[in-house]
Amino acid sequence: MEQLLVYTLTPLIVLYAIIPVILDGVERKLKAALQSRIGPPVTQTIYDLLKLVLVKEIKTQPTILYVYLSLTSSIVTGLASLYYITLYALRGDQVDMFYALALFAITTSTHTVTPLIVPNPYSFIGGIREVVLGVVNEAALITSISLYTIMAQRSVLKSTQWVTIIAVALVALTAFIASYVASSRVPFDIAEAEPEVASGIFVEFSGSVLALNIYSLLLRRLIVKLLVLAPTVGLLYGFSLTGLLVVLLLLPATWVTYATVAVILGRSRVDVAPLTLAKIYIALILISITVLLVQAYA
Amino acid sequence: MLNLEETTKYIELASKSGGQAKIEGDTVFITIPPDRLVDVADTIFNKYNTSFRVCAGVDERPLNGHFSLVHLFTDDKAGLYVAVKTYLSGESPVAPSITSVVPAADWCEMEARDLLGIEFTGRETYRLVLPPWWPSNLYPLRKETPYNYRPEPRLESEKLGYSREYGVIPLGPYHPALHEPEYFELYVEGERVVDVKYRGFHVHRGVEKLAESRMSYQQVNFLAERICGICGFVHSTCYALAVEKAAKLDVPERAQFIRSIVLEVERIHSHLLLLGVAFHLLGYDAGFMHIWRIRERVMQLAELLTGSRKTYGINLVGGVRRDVNEEKKQKTLEALRELGREFKNFIEVAISVPQVKKRLTGSGVLPREEAVKLSVEGPVARASGVNKDARRDLPYAAYKYVSFKVPVYTEGDNLARVLVRVDEVFESISIIEQLLDKLPGGSILLTDFEIPEGRVGVQVVEAPRGGDIHYVVTGKGAPYRWRVRAPTYANIPALRVMLRDQPLADAPITIASIDPCFSCTDRVVVVRDGRIEEIKLTQLVK
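Line order of the protein sequences matches chains A and B.
Residues 1 to 298, numbered by this note's numbering, are exactly what the first sequence covers, in order.
Residues 299 to 840, numbered by this note's numbering, are exactly what the second sequence covers, in order.
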């Protein structure tokens with residue numbers, strides 16, 4: 001088993017490092033199609049990142065070293081988180097998922113803190129927006145995925161107790177919403193909000209540091225999808241190598257679905273989105289807990 | 299036909315004020331002594347409920363030894379232009395400010411001060427148009443100043459606001475939400491805007507001086523069209539109509555129809571452009587892309603009718619240079635049908651997108667009383683319940699031959715301004731269809747005419763952004779004085795009202811909701827390490 005894990009995980013981590021860049025290219029192509037445009041080639045994101053890495057660095061602010069460190073640690077912990085998600089998908093061990101969540105929390109924190117250490121009003125505003133949204137959403141994401149992981153047992157589907165199925169469905173719904181929000185797409189791209197705050201969290205970045213920032217964001221998009229797909233597939237197919245393959249096959253479909261949702265919506269506001277999300281999350285989690293309590297006492 | 303009762307009150311007002319009045323066509327010319335200016339302006343603006351359009355300073359020293367100041371109002375209900383003129387000293391021109399009774403006169407007074415050296419009493423003065431380093435005794439629009447005289451620039455930056463009380467967010471001069479360089483300084487408490495400071499006019503292009511100094515009447519049409527890259531045809535039409543009015547030219551009806559058709563094509567183009575930008579600012583990029591795809595049809599239509607996708611170049615004093623034949627007429631009608639269908643289908647979806655609707659509703663409110671006080675123009679005024687539209691109130695070109703609705707909303711918010719434009723797109727399609735249906739025969743250009751010296755023509759043309767006004771005093775072979783005021787000039791001061799107490803996130807869409815048209819700039823203020831630094835031109839060039 002250990003040998004199998006090594007053989008499976010090593011190429012997968014390499015694959016994980018490349019997948020988000022390719023899928024972002026697919027997303028751009030899809031968006032273009034939905035907007036009646038031709039759009040850039042699927043490989044455009046690769047070209048963009050390469051170009052940014054190769055252009056001359058312009059150090060616009062004194063905290064650049066901290067920014068590099070922060071983004072690099074965000075990417076490293078992100079890849080580590082993916083490692084544990086994969087383990088979870090293979091073995092179904094809930095501890096793996098909790099490790100993955102803990103590492104993802106570090107990834108998100110470092111990514112969120114980065115714009116706050118950049119001395120630029122737009123970067124600061126974007127960073128504060130990210131913090132406000134993150135306080136609501138990351139809490140919901142971690143709570144719902146933890147609950148989902150605990151509930152995602154095959155026995156649930158065999159249960160004749162409809163309340164159990166409803167509870168799991170509500171938790172899954174919460175997790176999917178939170179994962180969508182965490183992907184920083186419209187309407188929740190308020191930290192970037194290019195026409196409002198001059199790209200907010202990205203405003204002071206150029207060259208390789210911008211490339212790192214973009215890559216870190218794309219990696220987070222991959223993680224949040226796998227965080228919800230792994231327990232879902234585990235619930236439906238069980239935890240195995242086949243299950244992992246199903247997760248990987250469902251990944252592009254989920255990415256495309258998220259991208260499609262982003263196309264048909266507009267941007268929300270920092271005083272609206274967190275409040276609305278908090279209400280939705282509290283309602284969904286309370287209902288699912290109530291359902292479980294009702295079942296326990298019944 | 300002029301309403302005699304309406305014109306009589308202006309004549310009586312002039313007489314009571316120790317001045318005189320005369321009526322020429324649809325314009326009442328009143329001349330009064332300077333000391334009566336504030337009272338007369340107060341009566342015309344606040345008692346007769348007219349719209350203040352602009353004021354224009356004129357250097358008449360070569361003619362009569364005086365400067366003059368002309369305040370231009372329109373009595374939209376009576377269909378009258380009212381020009382209130384006062385003569386000022388030729389040595390040290392001083393005029394009383396009317397801003398205490400007509401707040402909308404603020405900018406034009408300061409522009410007359412900058413460009414002609416007319417001082418104003420009873421108000422705080424500041425430099426508006428000219429850069430801070432411009433010599434204080436050099437007035438570009440005075441006749442003795444050569445059009446090509448360029449003082450040596452001293453590379454200085456002006457210090458803009460600092461606030462210990464509130465956070466300062468610079469919006470511009472270069473900002474993704476502003477498609478031309480412009481500077482808004484937003485004072486914020488958290489993410490709520492508490493006040494706004496505006497600095498524009500970074501580069502004054504001096505088109506008026508150029509036209510008065512170097513160009514012929516016909517050449518100015520093409521210069522006028524280059525005032526704006528979006529509603530340039532409005533400017534050339536407005537100029538041509540003002541000159542034709544001054545010279546009392548009887549322009550062929552077919553030319554007036556073609557002008558109206560092209561003006562409406564330009565309006566559709568401008569509104570679609572703005573709607574696309576608005577959706578982009580709201581993060582709804584699908585809306586932006588689809589609207590601009592639909593807009594492409596209008597560009598093709600413009601090319602079909604004028605030969606150019608933009609900056610059409612068909613206006614001349616006396617008519618137009620391009621005719622519309624039967625084939626173009628049929629193709630235009632077909633294109634309009636398709637455009638209307640596509641636009642209707644898409645706009646219903648776009649306006650219903652939850653975030654778009656929520657963010658437009660109740661944001662950037664301009665109450666009606668403020669809109670009236672500031673004499674705002676076009677969709678900005680109509681969205682705040684001010685029912686005015688020069689096409690109906692002061693009919694020009696061929697608008698008297700068509701029927702159309704003027705959309706008016708009372709909410710005064712960003713949604714109302716968007717909806718006014720949406721409704722106007724459909725009205726413009728209908729207007730073009732009617733005009734093509736009624737297109738008369740005959741020539742399209744008056745060729746044999748003279749423009750006498752010393753005549754005055756005032757014209758308002760309803761641009762997509764509101765009333766555009768041109769004031770022309772005829773000279774020998776060229777305008778003696780040409781004053782242009784684009785509608786954005788009247789609308790920007792309203793932004794202070796609209797932006798206050800709004801979320802920072804809604805500032806760009808609120809600014810965009812007036813569909814602003816800005817000029818260029820060459821100086822910037824940079825905030826670095828929490829302090830405002832001044833960057834000089836030489837440093838930028840390096």
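Rather than coming from a laboratory, the hints here were simulated on the basis of the structure.
It cannot be assumed that every hint is accurate.
[To be verified] Now the in silico label distances, taken between C-beta atoms and shown as ranges: (1) 238(A) - 655(B): 41 to 47 Å; (2) 736(B) - 33(A): 23 to 29 Å; (3) 527(B) - 37(A): 39 to 45 Å; (4) 51(A) - 450(B): 50 to 56 Å; (5) 607(B) - 72(A): 45 to 51 Å; (6) 607(B) - 51(A): 45 to 51 Å.
Keep in mind it's a predicted model, so treat the numbers as computed, not measured.
Note that beta-carbon positions come from the ideal geometry of N, C-alpha and C, so glycine has one too.
Hint-by-hint comparison with the structure:
no.	hint	verdict
1	238(A) - 655(B): 41 to 47 Å	holds, 45 Å
2	736(B) - 33(A): 23 to 29 Å	violated, 43 Å
3	527(B) - 37(A): 39 to 45 Å	violated, 23 Å
4	51(A) - 450(B): 50 to 56 Å	violated, 42 Å
5	607(B) - 72(A): 45 to 51 Å	holds, 49 Å
6	607(B) - 51(A): 45 to 51 Å	violated, 32 Å
In summary, the structure is inconsistent with hints 2, 3, 4 and 6 from the numbered list given earlier, while agreeing with the others.
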